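Student: Hey, can you work out the whole structure from these sequences and the hints?
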Amino acid sequence: MSYSTQLSTYIDSWLSTFIESADQSCDKPILDWDQMPTPPTSEITRSPKRPRYQDAQEEETPRPRAQSRYDCVRDDVFKDQTPTGPSFRFALPTRPFSNAPSLPPSSSASGTSRSSSPVKRSTLGLLSKPIHFVAIKRSYLPKYIHKTYDAIFSIVNNVGFIPSAVRQRLEDNDEDVLDQWFFNGEGEDLLKEFTELKEIQAEAVAVQVEEASEGTWNLEVHGPLLKLAFKPFSRLRRKLLTHASISKPFIPSTSESSYYPTTKTKMIDWGISISPPETTAEHIRRMINSLPVSQRSINQTIYGPVRNTPIAIPIEIKIASGSLEEARGQLGLWIAAWYTRMNALKSCNEGMIAMPMIIVIEHEWKLLFAVDRGESIVSATI
282 MSYSTQLSTY
292 IDSWLSTFIE
302 SADQSCDKPI
312 LDWDQMPTPP
322 TSEITRSPKR
332 PRYQDAQEEE
342 TPRPRAQSRY
352 DCVRDDVFKD
362 QTPTGPSFRF
372 ALPTRPFSNA
382 PSLPPSSSAS
392 GTSRSSSPVK
402 RSTLGLLSKP
412 IHFVAIKRSY
422 LPKYIHKTYD
432 AIFSIVNNVG
442 FIPSAVRQRL
452 EDNDEDVLDQ
462 WFFNGEGEDL
472 LKEFTELKEI
482 QAEAVAVQVE
492 EASEGTWNLE
502 VHGPLLKLAF
512 KPFSRLRRKL
522 LTHASISKPF
532 IPSTSESSYY
542 PTTKTKMIDW
552 GISISPPETT
562 AEHIRRMINS
572 LPVSQRSINQ
582 TIYGPVRNTP
592 IAIPIEIKIA
602 SGSLEEARGQ
612 LGLWIAAWYT
622 RMNALKSCNE
632 GMIAMPMIIV
642 IEHEWKLLFA
652 VDRGESIVSA
662 TI
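As numbered in my numbering, the sequence shown has no gaps in its residue numbers, which increase by one up to the final residue, 663.
Hints are computed from structural coordinates only; laboratory data are not their basis.
It is possible that some hints are incorrect.
[As the list claims (entries may be wrong)] Distance condition first, Cα-Cα at most 27 Å in a straight line; then the derived BS3-like pairs of lysine-lysine:
no., residue 1, residue 2
1, LYS512, LYS479
2, LYS520, LYS627
3, LYS418, LYS529
4, LYS599, LYS529
5, LYS410, LYS529
6, LYS599, LYS520
7, LYS428, LYS512
All figures in this text were calculated on a predicted structure; none of them were measured in a lab.
Tutor: Below, the structure written as structure tokens:
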């Protein structure tokens, strides 16, 4: 008898052990699982790194709980609900599959990760120190940052943000220009930088037309742009943080009786980190190495690439289908965790510095400043 015939016969026998009606007893003899036929060895091989879609679905299917006998459990006849199935719930027989048909190696299922629900903006109001997003006002910012704010305000309003060295190239490309856009700046380095920016711009247009994923935007557009932007600053580096989660001790607390989900596969996309001088770096290493494992980082995450280098600017990326509210929620929770971490490191009650943040939705960049207002954190958007 072929294996397929044996297996079919065995399955029919197994199915016959189930209760066929409400009047049947649960004392039916247990089928001898040791007689189950073994399938022939499969010669098909496949990389375990490429699980089939069906296998992944099967992995997510809840498995039946073990029972000592068949379960014949009647639904509660007094429960006021619309029936969703038969009036009996059946459980599989309890005998272990000691000699069950073994699947070929190519069918081995692998676990699939599940992303949790996005952090909502309303979540930030539940924090013990809530975060509020507001329109920018100069008075919201500390005085030491006013000069920086004024320079940024001019750029946002298209005043003096392009070096004069590239004006001719813009005009040669039939670009419309205004005198107020340019500042005095000459040199071959500026022309080279302009060429690189045009290449990144062309790539950005391409991935937008292709409706590419967020990962593609990070790889082809935002990563190269950030690298170019911080090239003149040797101590600043862009770090991809899509795998950096908030360490448990620094998850921000909520007000009494409030709750929000703390498990996220990703909080932010990029971070601009600062490489401190060697003496400072050594001091940081000594300090964090004396802490418990879950706290061994200068930041709120123990992700290796940023364990010893402070993150100065967190950046959250979204594609066109992404939500600005979701981006604010993720960035806000990240900042709240940063405040928690910094408070744990401080030895005095001095106030926190204003923290710059960036939200990017395809070609549009938004600059924000998180400012400690005592009872809350205000995130002002420029």
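Student: Would you mind marking each hint as holding or not holding in the structure?
Tutor: For each hint, the structure was consulted:
no.: 1; hint: LYS512 to LYS479; in the structure: 17 Å, holds
no.: 2; hint: LYS520 to LYS627; in the structure: 25 Å, holds
no.: 3; hint: LYS418 to LYS529; in the structure: 34 Å, violated
no.: 4; hint: LYS599 to LYS529; in the structure: 25 Å, holds
no.: 5; hint: LYS410 to LYS529; in the structure: 17 Å, holds
no.: 6; hint: LYS599 to LYS520; in the structure: 17 Å, holds
no.: 7; hint: LYS428 to LYS512; in the structure: 23 Å, holds
Of the hints listed earlier, the one the structure fails to meet is number 3.
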